[in-house]
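If you count the sequence shown from 1, position 74 lands on 73 in numbering that gives the first Met the number 0, and the numbers rise without skipping.
Please note that the accuracy of each hint is not assured.
Computed list of lysine to any residue pairs in SDA-like fashion (alpha-carbon distance at most 20 Å, straight line) [to be verified]:
| no. | residue 1 | residue 2 |
| --- | --- | --- |
| 1 | Lys127 | Leu44 |
| 2 | Lys55 | Leu75 |
| 3 | Lys84 | Asp102 |
| 4 | Lys84 | Glu95 |
| 5 | Lys72 | Val114 |
| 6 | Lys99 | Thr86 |
| 7 | Lys72 | Val40 |
| 8 | Lys84 | Lys72 |
| 9 | Lys108 | Ile53 |
| 10 | Lys72 | Gln115 |
| 11 | Lys99 | Arg50 |
| 12 | Lys121 | Glu107 |
| 13 | Lys72 | Gln94 |
| 14 | Lys127 | Asp81 |
| 15 | Lys55 | Val37 |
| 16 | Lys99 | Val52 |
| 17 | Lys84 | Glu73 |
| 18 | Lys108 | Gly93 |
| 19 | Lys84 | Ile123 |
| 20 | Lys99 | Ser125 |
| 21 | Lys127 | Pro51 |
| 22 | Lys99 | Val120 |
| 23 | Lys99 | Leu75 |
| 24 | Lys72 | Thr49 |
| 25 | Lys84 | Gly68 |
| 26 | Lys121 | Leu75 |
| 27 | Lys108 | Glu67 |
| 28 | Lys72 | Ser25 |
If you are wondering where the hints come from, they were derived from the structure by calculation, not from laboratory data.
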Amino acid sequence: MFIEIITLGLTTIWFAGGALAAFILSLFFDSLLAEIIVFLVVSLLLLYFTRPVILKYFNPKRTKTNYEGVIGKEALVIVPIDNIKATGQVLVDGQEWSAKTADGSRIEKDVKVMVQGITGVKLIVSPKNMDV
């Protein structure tokens, strides 16, 4: 149980089920080889078939981080973006991010842009197409 607390991966708990099955077998049969086989088979079957279900239950959907969540979103330029001067900020979902353009062009304040990616802590943006 101590190992399970350290790993938090729910990988060792399944061997308890295998041990229980081997114990029950030992009450009826006196074969060490059979106990070892039952222990291994039951443990591996429990690990393979029930671990994903339990992990899904105890580890619900992972929330996207800011990094993953902003790519592909629309942003508003709040400080003009100029790669040469290394200036520029955008607002995405109420959060301010430093930004630079993908193609090196300058983008003025209050222009809507699309987030293409991220490098370090700066968003890579490009002007949003107006002809939609």
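Hints, one by one, checked against the model:
Proximity of Lys127 to Leu44 is assessed by CA-CA distance (about 52 Å); at most 20 Å being required, the pair is judged violated. A C-alpha spacing of about 37 Å is found between Lys55 and Leu75, which places the hinted pair above 20 Å, so the restraint is violated. For the hint linking Lys84 to Asp102, the alpha-carbon distance of about 15 Å falls within 20 Å, and the restraint holds. Distance hint between Lys84 and Glu95 is fulfilled; the C-alpha atoms sit about 19 Å from each other, no more than 20 Å.
A C-alpha spacing of about 6 Å is found between Lys72 and Val114, which places the hinted pair at or below 20 Å, so the restraint holds. Annotation: proposed proximity of Lys99 to Thr86 holds, straight-line Cα distance about 8 Å (limit 20 Å). A C-alpha spacing of about 48 Å is found between Lys72 and Val40, which places the hinted pair above 20 Å, so the restraint is violated. Distance restraint check for Lys84 and Lys72: the Cα-Cα separation of roughly 25 Å exceeds the 20 Å cut-off, and the hinted pair is therefore not satisfied.
Between the alpha carbons of Lys108 and Ile53 the distance comes to roughly 49 Å, so the proposed pair goes past 20 Å and is violated. For the hint pairing Lys72 with Gln115, the CA-to-CA distance comes to about 8 Å; that is within 20 Å, so the pair holds. Between Lys99 and Arg50, the direct Cα distance comes to roughly 44 Å. Violation of the 20 Å bound is thereby established for this hinted pair. With a CA separation close to 17 Å, the supplied pair Lys121 and Glu107 stays within the 20 Å bound.
Proposed proximity of Lys72 and Gln94 is supported: the alpha carbons are some 12 Å apart, at most 20 Å. A C-alpha spacing of about 17 Å is found between Lys127 and Asp81, which places the hinted pair at or below 20 Å, so the restraint holds. For the hint pairing Lys55 with Val37, the CA-to-CA distance comes to about 27 Å; that exceeds 20 Å, so the pair is violated. In summary, the hint linking Lys99 to Val52 is not supported, as the alpha carbons are separated by about 43 Å, beyond the 20 Å threshold.
With a C-alpha separation of about 23 Å, the suggested pairing of Lys84 with Glu73 is violated against the 20 Å cut-off. About 16 Å separates the Cα atoms of Lys108 and Gly93, which keeps this hinted pair within 20 Å; it holds. Our distance criterion of 20 Å between C-alpha atoms is met by Lys84 and Ile123, whose separation comes to about 15 Å. With a CA separation close to 9 Å, the supplied pair Lys99 and Ser125 stays within the 20 Å bound.
Under the criterion of a C-alpha separation no larger than 20 Å, the hint pairing Lys127 with Pro51 is inconsistent with the structure, at around 41 Å. Taken as a hint, the Lys99 and Val120 pair is honoured in the structure, with Cα atoms around 10 Å apart against an allowance of 20 Å. The suggested pairing of Lys99 with Leu75 holds, with an alpha-carbon distance near 13 Å, which does not exceed 20 Å. Of the supplied pair hints, the one linking Lys72 and Thr49 is violated, its CA atoms being roughly 37 Å apart against a limit of 20 Å.
Between the alpha carbons of Lys84 and Gly68 the distance comes to roughly 27 Å, so the proposed pair goes past 20 Å and is violated. With a CA separation close to 14 Å, the supplied pair Lys121 and Leu75 stays within the 20 Å bound. At roughly 25 Å between alpha-carbon atoms, Lys108 and Glu67 are farther apart than 20 Å, so this suggested pair is violated. Annotation: proposed proximity of Lys72 to Ser25 is violated, straight-line Cα distance about 61 Å (limit 20 Å).
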